[in-house]
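The sequence shown begins at 1 in the UniProt record's numbering and counts up by one.
No wet-lab data here; the hints were simulated from the structure. Treat the hints with caution; some may be incorrect.
[As the list claims (entries may be wrong)] Simulated DEER-style distance windows between Cβ atoms:
| no. | residue 1 | residue 2 | range |
| --- | --- | --- | --- |
| 1 | N185 | K102 | 19 to 29 Å |
| 2 | K193 | A67 | 29 to 39 Å |
| 3 | V138 | A67 | 21 to 31 Å |
| 4 | L57 | K127 | 16 to 26 Å |
| 5 | T174 | K127 | 19 to 29 Å |
Backbone N, C-alpha and C define an ideal beta-carbon position, used for all residues, glycine too.
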Amino acid sequence: MNNSQKIVVGFGLIMVLVAGVYLQFGKKAEILDEQGRTSLYQIIQTNDIQAVQDCILSGSNVNHVDANGMTPLQFTTQLRIHKNSGEIAQLLIDAGADTTLKNEADWTLLQMAVNKRNEFVAGALIKAGLDVNVQDPVDGCTPLHTAVIQACTAAIKDYQGLISCPCCVEKMFTKSLAIAQSVLNAGADTTIKNKNGHTAQDIIEVMFATVTLGQDDTLVQPTVYYDVQALVDKPEDFDTKVALKFQALRDIFIA
1 MNNSQKIVVG FGLIMVLVAG VYLQFGKKAE ILDEQGRTSL YQIIQTNDIQ
51 AVQDCILSGS NVNHVDANGM TPLQFTTQLR IHKNSGEIAQ LLIDAGADTT
101 LKNEADWTLL QMAVNKRNEF VAGALIKAGL DVNVQDPVDG CTPLHTAVIQ
151 ACTAAIKDYQ GLISCPCCVE KMFTKSLAIA QSVLNAGADT TIKNKNGHTA
201 QDIIEVMFAT VTLGQDDTLV QPTVYYDVQA LVDKPEDFDT KVALKFQALR
251 DIFIA
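With the sequences and hints as input, model every part of the structure.
Okay, structure coming up:
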């Protein structure tokens, strides 16, 4: 074999190796930032649906894992700005993003989205078939429990004035209420109890009693603060800021 033939054979072997790597991983080599993230993560943060789609179509790996152990879909559940996040999650799912992954707390993607009150990503994940009855390994709460606790907490904090921005607390309540409604519509089991023996409906009544009667149920939500004297001094505020929100929560269980 002469030198020319050796060069041809060598080049051929290189191409075979490159093709093999491409077929194995299915994606092009990508530049990573200091957190081990590809450009797809950065584009997801812009909430630009078209840019995300273009990045995916260019071959960006939708199942890449960054230095924090998060894939682009897991990263999407944690976005601070929720605008367009549902559509972005759907693009990732349609492109083959793994929806079975769990984080270091053993939470599913749905649990991660619910914890961040992201009703849009939660909706996409419910549509993808994620289990709406999955229980937290520590406290036994389902996504329904979590959404209810978050909604109750928002209602109580609104009354207590623990959050300075009324619009923010209203948004927190509305988002949590929407998630609770979504998981119920998807067939959430309302009879499941957490490790404290409470169903999601039980939690509504326990937390309502916490703020109205001063019953300190630390098993449910240790961060809830109440002021019984304030209820006596300003009962009209309680009626408008708390009671109606708790009733709205009760109503979603009446189908």
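Now the hints, each set against the structure:
As the Cβ distance of N185 to K102 is approximately 24 Å, the hint placing it in 19 to 29 Å holds. Between K193 and A67 the beta carbon distance is about 38 Å. The supplied range of 29 to 39 Å therefore holds. At roughly 25 Å, the beta-carbon separation of V138 and A67 lies within the given 21 to 31 Å, and the hint holds. The hint said 16 to 26 Å for the Cβ distance between L57 and K127, and at roughly 22 Å that hint holds.
Taking the beta carbon of each, T174 and K127 are about 20 Å apart, inside 19 to 29 Å as hinted.
In summary, this structure violates none of the numbered hints.
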